[in-house]
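J.: One-letter residues, chain by chain:
Number of protein chains: 2
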Amino acid sequence: MRCEVVAVGTELLLGQIVDTNSSWIGGQLALAGIDCHRHTAVGDNRERMLVAFREALERSDAVIVTGGLGPTQDDITREVVAEVMGVGLERDPGIVAEIERRFSGRGRQMPANNLRQADVPVGATAIPEMPGTAPGLVCPIGDPVGGRVLYAVPGVPWEMQAMLEGTVLPDLRRRADSEAVIRSRVLRTWGRSESGLAEVLADEIDRLDAEGGPTLAFLASGMEGLKVRITAKGADEDEVAAVLADEEERVREIVGPIVFGVDDQNMESVVLDELVAQGLTLATAESLTGGMIGTRLTDVPGASRAFRGAIVAYDGDVKRGLLGVPEGPVVSEAAVVAMAEGACRVLCADVSVAVTGVAGPDPQDGEKPGTVWMATSVDGVVEAAKVEFPFDRSLTRQFTVITVLDALRRRLLSRRGA
Amino acid sequence: MRCEVVAVGTELLLGQIVDTNSSWIGGQLALAGIDCHRHTAVGDNRERMLVAFREALERSDAVIVTGGLGPTQDDITREVVAEVMGVGLERDPGIVAEIERRFSGRGRQMPANNLRQADVPVGATAIPEMPGTAPGLVCPIGDPVGGRVLYAVPGVPWEMQAMLEGTVLPDLRRRADSEAVIRSRVLRTWGRSESGLAEVLADEIDRLDAEGGPTLAFLASGMEGLKVRITAKGADEDEVAAVLADEEERVREIVGPIVFGVDDQNMESVVLDELVAQGLTLATAESLTGGMIGTRLTDVPGASRAFRGAIVAYDGDVKRGLLGVPEGPVVSEAAVVAMAEGACRVLCADVSVAVTGVAGPDPQDGEKPGTVWMATSVDGVVEAAKVEFPFDRSLTRQFTVITVLDALRRRLLSRRGA
Numbered sequence: 001m002r003c004e005v006v007a008v009g010t011e012l013l014l015g016q017i018v019d020t021n022s023s024w025i026g027g028q029l030a031l032a033g034i035d036c037h038r039h040t041a042v043g044d045n046r047e048r049m050l051v052a053f054r055e056a057l058e059r060s061d062a063v064i065v066t067g068g069l070g071p072t073q074d075d076i077t078r079e080v081v082a083e084v085m086g087v088g089l090e091r092d093p094g095i096v097a098e099i100e101r102r103f104s105g106r107g108r109q110m111p112a113n114n115l116r117q118a119d120v121p122v123g124a125t126a127i128p129e130m131p132g133t134a135p136g137l138v139c140p141i142g143d144p145v146g147g148r149v150l151y152a153v154p155g156v157p158w159e160m161q162a163m164l165e166g167t168v169l170p171d172l173r174r175r176a177d178s179e180a181v182i183r184s185r186v187l188r189t190w191g192r193s194e195s196g197l198a199e200v201l202a203d204e205i206d207r208l209d210a211e212g213g214p215t216l217a218f219l220a221s222g223m224e225g226l227k228v229r230i231t232a233k234g235a236d237e238d239e240v241a242a243v244l245a246d247e248e249e250r251v252r253e254i255v256g257p258i259v260f261g262v263d264d265q266n267m268e269s270v271v272l273d274e275l276v277a278q279g280l281t282l283a284t285a286e287s288l289t290g291g292m293i294g295t296r297l298t299d300v301p302g303a304s305r306a307f308r309g310a311i312v313a314y315d316g317d318v319k320r321g322l323l324g325v326p327e328g329p330v331v332s333e334a335a336v337v338a339m340a341e342g343a344c345r346v347l348c349a350d351v352s353v354a355v356t357g358v359a360g361p362d363p364q365d366g367e368k369p370g371t372v373w374m375a376t377s378v379d380g381v382v383e384a385a386k387v388e389f390p391f392d393r394s395l396t397r398q399f400t401v402i403t404v405l406d407a408l409r410r411r412l413l414s415r416r417g418a
Numbered sequence: 001m002r003c004e005v006v007a008v009g010t011e012l013l014l015g016q017i018v019d020t021n022s023s024w025i026g027g028q029l030a031l032a033g034i035d036c037h038r039h040t041a042v043g044d045n046r047e048r049m050l051v052a053f054r055e056a057l058e059r060s061d062a063v064i065v066t067g068g069l070g071p072t073q074d075d076i077t078r079e080v081v082a083e084v085m086g087v088g089l090e091r092d093p094g095i096v097a098e099i100e101r102r103f104s105g106r107g108r109q110m111p112a113n114n115l116r117q118a119d120v121p122v123g124a125t126a127i128p129e130m131p132g133t134a135p136g137l138v139c140p141i142g143d144p145v146g147g148r149v150l151y152a153v154p155g156v157p158w159e160m161q162a163m164l165e166g167t168v169l170p171d172l173r174r175r176a177d178s179e180a181v182i183r184s185r186v187l188r189t190w191g192r193s194e195s196g197l198a199e200v201l202a203d204e205i206d207r208l209d210a211e212g213g214p215t216l217a218f219l220a221s222g223m224e225g226l227k228v229r230i231t232a233k234g235a236d237e238d239e240v241a242a243v244l245a246d247e248e249e250r251v252r253e254i255v256g257p258i259v260f261g262v263d264d265q266n267m268e269s270v271v272l273d274e275l276v277a278q279g280l281t282l283a284t285a286e287s288l289t290g291g292m293i294g295t296r297l298t299d300v301p302g303a304s305r306a307f308r309g310a311i312v313a314y315d316g317d318v319k320r321g322l323l324g325v326p327e328g329p330v331v332s333e334a335a336v337v338a339m340a341e342g343a344c345r346v347l348c349a350d351v352s353v354a355v356t357g358v359a360g361p362d363p364q365d366g367e368k369p370g371t372v373w374m375a376t377s378v379d380g381v382v383e384a385a386k387v388e389f390p391f392d393r394s395l396t397r398q399f400t401v402i403t404v405l406d407a408l409r410r411r412l413l414s415r416r417g418a
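Heads up: the sequence lines are chains A and B, in that order.
Residues in the first sequence are numbered consecutively from 1, following the numbering used here.
Residues in the second sequence are numbered consecutively from 1, following the numbering used here.
Among the hints, a few may not be true.
Just so you know, same-sequence chains aren't split out, so a pair can sit in one copy or run between any two.
Said to hold, decoys possible - Computed list of lysine to aspartate or glutamate pairs in EDC-like fashion (alpha-carbon distance at most 20 Å, straight line):
1. 386 / 248
2. 386 / 341
3. 233 / 74
4. 233 / 211
5. 233 / 367
6. 386 / 253
7. 233 / 383
Because the hints were derived from the structure by calculation, they are not lab data.
These numbers come from a predicted model, not from an experiment.
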């Protein structure tokens, strides 16, 4: 079973929006064991959409088209899909009623152009999930028994996702029924370069290649760390799970304690889980990150079990007045130690992390951009270190977040003797 | 002049990384007035890469390939490009020396597999910019005079960007020399839905269609607001600039004061500029956003001219102890007003924004997810409002950030009588 993804929208080609939909759909297809060999993005242009849809259908059993189902004049996916199917459009009174109901439910009047969204190619069926006002479509192509299929879903991510989860993926799984199970596990690491990891794992990769086992791949992901993905194929879930577990153990033995998490775990969730397990509360004192450590921690639902809050001391006076930083340079060991102690004291927390540095682009207090002091406080003992990142403002901030949280993670692990 | 973008990497298809490179390159091509009709992503697979490169070259004058230039075994872009060119690879001693120099400069030993990165297809030239250890390539295809060209650049964003800016885009501009100038201007708005904006602008779009003027397009962008893009084409920069200025004025007249910025301006930069212009300092008190308002503000270089800091009071005790929130529910008008006042007092700031609410997924204090109280304090006067967002945790946090900053923006504008 092969499925391609075609994203529609001139704004994608012009770089005014990043295509996160194809990526998300790719992940879901991989989980479902469905091969996806290509993603394509085309503009809102009838002729080029036609060519892209037809080419994708020639290479695949199924095609998922995102975007171009909105109410505005440049949204022409419905028309182009009808042309690919060789049929006309008809207005669906059930969808008309549903769209009208949604607008009146929010006390708003329906703009007339929204009615275009109720036009359906003859022979296609509307997808029952409809979180917005654009209905998705299941469009059989050619022979209806065993033939190919095109799914048209909106470009709005949460509308697209609801339709994929409710209708498209179950339908694809039914069609792919007899195929093998493919699963991946991602080991998340911090503290080693991509080429260094590849070097240390080269023998294992050669062994897997020779024996036809699972595959390994590497992916540098900024604030998300460096990922090692293990992918295995097998007859059923149990077989694949056993292969993944075995390979994970081998990789962990080879790379050592730089693995901080698995799959959807990230540095924040791992640190929060460890804090909760040890009954500790956390505070942060941030300067160059401006609140990013707190933002990342509170991205995790349930962060309130351990996270008390943050002092973002961007201004030097705030560092001195609220956190007790001594007079002198604010990018220094003395400053970051005082910030870590101040965070625990002011926010009544058991442990803390603190960062102060130069995000750039300009130097500050004679320190060059990328210079960062970091500290962790655990059981009243502060440890501090200086790092010089060779990166721009954005990456310097991201790497500061994961580096200081990893330092805390390691201290928490040794605290409970792990 | 037409140029396509092909992104290489199985991790893109599997959804383990979002392809931000194609989007960024698309934006740069549009600015350079070069048409881009398609983006493609393929996996690290020789046969499928070959097909994708050849198809893109058939449709275009130039192709930019990102990814697959790394040191690991699955990086085969060099080999596939050589096959498309019909030539072999040769190791470039200058690049070998350069890669070795970079490793020794960071005091690290070079893994042997990094040397593969010095292999260059015969007839191709290395791109002089080399921020990492992967050299980019300029590869002439077919007739070297007026023929087509393939650029291979790394998938690491900052390496790719340095090569595009230093070599690829100037080379493309030279080749496209005689073509028309295409420029866009983006008006950034907040406070109206996409279909509502389309409705109010429908007559103007019809007029532009009929008269063959510039085009208008809409784009909902979460925390970045809702964008209205004006695109114009003309013989030279002056002509296009005049058309864009004229159309911007028309659109502003039609949509009114919901336009908060233009092009690269965002809500944070606009608010910071206004604060600096009025000589005011800003502090934030954040609960459900966990520091995200501070993070966004400090994404802007030079934020320190106005931003003093933030109190992230995630825990109720912190709200009461540090910010003076009274006993009682913390998702309430009384709480958010105290937070806004507390932020100004504790951080010695002239103005502040404060937010407290339920990000979800679970209800809190009997309030359902999406319920948010927001406040702004200007000249000691606090204004508060309640919003109920029908979104998930992530979008609720994003919309909270832009909504409260827009409220502050409007108060600052009326403060100086604009």
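J.: Each hint: holds or not?
T.: Here's how the hints hold up against the structure:
1. 386 / 248: Neither, since 33 Å and 48 Å both go past 20 Å.
2. 386 / 341: Only inside one copy: residue 386 and residue 341 sit 17 Å apart there, 36 Å across copies, limit 20 Å.
3. 233 / 74: For residue 233 and residue 74, only the inter-copy Cα distance (19 Å) is at most 20 Å; the intra-copy one is 42 Å.
4. 233 / 211: Answer is within; shortest intra-copy Cα gap is 14 Å, inter-copy 58 Å.
5. 233 / 367: neither (51 Å within a copy, 46 Å between copies)
6. 386 / 253: Neither, since 29 Å and 53 Å both go past 20 Å.
7. 233 / 383: Intra 45 Å, inter 59 Å, cutoff 20 Å: neither.
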